[in-house]
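> Chain residues, written in single-letter form:
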Amino acid sequence: MSASAAPAQPIPWQTGKVTSIRPETPRAKSFCLRLPEWRPHLPGQYYTLRLTAPDGYQAIRSYSVASSPLDEGEIELTVDCLSDGEVSPFLHDVVEVGDELEVRGPLTEYFTWEGSSPLLLIGGGSGIVPLMSMLRHRRRALPQVPARLLYSVRSPEDVFYRDELGEETTLTYTRRTPENWSGATGRIDDELVGRLWWPDGIAYVCGPNGFVETATRLLMESGYEPARIRTERFGPS
Amino acid sequence: MATRGFFGRQRAPAGMAERLPPGQYFEEGFPVLTAGPTPHVATDEWSFAIEGLVAEPRTWSWDEVHSLAGSSFEGDIHCVTRWSKLGTSFAGVSVDTLLDSVGVDEAATHVVAFCYGGYTTNLPLPDVRGGQAWIAWEHEGHPLAAEHGGPARLLVPHLYFWKSAKWIKGLRLLDHDEPGFWENYGYHDYGDPWKEQRFQGD
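Sequence order for the protein chains is A and B. Each step along the first sequence adds one to the number in our numbering, with nothing skipped, and position 114 is 114. Each step along the second sequence adds one to the number in our numbering, with nothing skipped, and position 36 is 36.
If you are wondering where the hints come from, they were derived from the structure by calculation, not from laboratory data. A hint or two may mislead.
Claimed, not checked - Rough simulated footprint, nothing fancy, chain B against chain A, three-plus residues with beta-carbon under 8 Å: (1) 10-18; (2) 103-109; (3) 124-136; (4) 144-158; (5) 171-178.
C-beta: ideal position from N, C-alpha, C; glycine also.
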């Protein structure tokens, strides 16, 4: 476990400009932001985004970066729209190309891939986002590094980054499959998680809390020591 | 800078806004944020230790810690990921009760909380004394769930909640500060939510 020297300088807020907005699914969009003080992130890191109302009220949330740090000057944040949320519905319904948004990052040095180990990824729903940053970066910078992604979604329309999922990806549909689907169905299980086995490296698991609990249990049952499993969780318990 | 088109629709309920530290939002649930797998520790295998700069290092079993005078907390908790849960409650034992029974060495200045699963976090000793810290095994009247740190967690509600270490196994008293798990990954050594001490340098 690396005890990297933390930067003594606080990471500043900066104002990014939205350069493109792409729908991923009916309820998720990717926002490309051009940053005046861009700094390279590690795949897996996130940014904090701050909205300010005219009276000074602020709402702040964190979103994982989906892009590779090779995209100099820009970051892509993919945001799942939570119907009872405050920030994600605003991003979905109001923000347009050319708008300015305040962000701070990249943040945390834990759920990150530094390129030295095989990529073992398990994502549930929008938990794919930080994992996609790792996959994209691997494809462009380190294609020789082995990668496996197990990606659980409810239905075909819920698949993020559909055109970028390659042979490293095992998709499983928990509610409804595409027509003539011959791949995996149902919730992740020991067989699906067993396909990820690798003798070394870290397994990265991101998704709703219940999904992460199941995935980490299955990983440990398949032989992963807890120290080889890193998780990022969201949603209510 | 005002954000075009944003007016804010989820402000904290009346009377609660002033209980939110800067940059926090009001959360009714109790989100789970854990860096790795959830350890599952049976209460008959659980124990709690105080070691390091004390006159008599000691370990308590689950039954022994429950035989001590109980203590509870009612108030607000603040997570560095920006949610705050207001008006919640925990019960367990005050850390004062435990420290008083081991004899704290005068040289001790800091503690490292260590946990089942390997998590650690550092705190100044005065911050776990004076009725400010608990070993908690009950949340809002129910046994503390494993995903929230059960069977027992450290509770230090005046600091960001990563200091309230889940699956607590013990406290080690030191004569210096020693960064713990998240602190080594760039989080603040102290973590005062009212000063927004989220990351090193804040």
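> With a cut-off of 8 Å between beta carbons, are at least three residues of the region 171-178 of chain A near chain B?
violated (count 0)
> Are three or more residues of the region 144-158 of chain A within 8 Å, CB to CB, of chain B?
violated (count 0)
> With a C-beta cutoff of 8 Å, work out whether three or more residues of the region 124-136 of chain A approach chain B closely enough for the coverage to hold.
It is violated, with 0 qualifying residues against the three required.
> Check, residue by residue, whether the region 103-109 of chain A contains three or more positions whose beta-carbon lies closer than 8 Å to a beta-carbon of chain B, and give the verdict.
Answer holds; 3 residues pass the 8 Å Cβ test.
> Tell me whether the statement that chain B covers the region 10-18 of chain A is true, taking a Cβ distance below 8 Å and needing three residues at minimum.
holds (count 3)
Going through the hint list in order, the structure does not satisfy hints 3, 4, 5.
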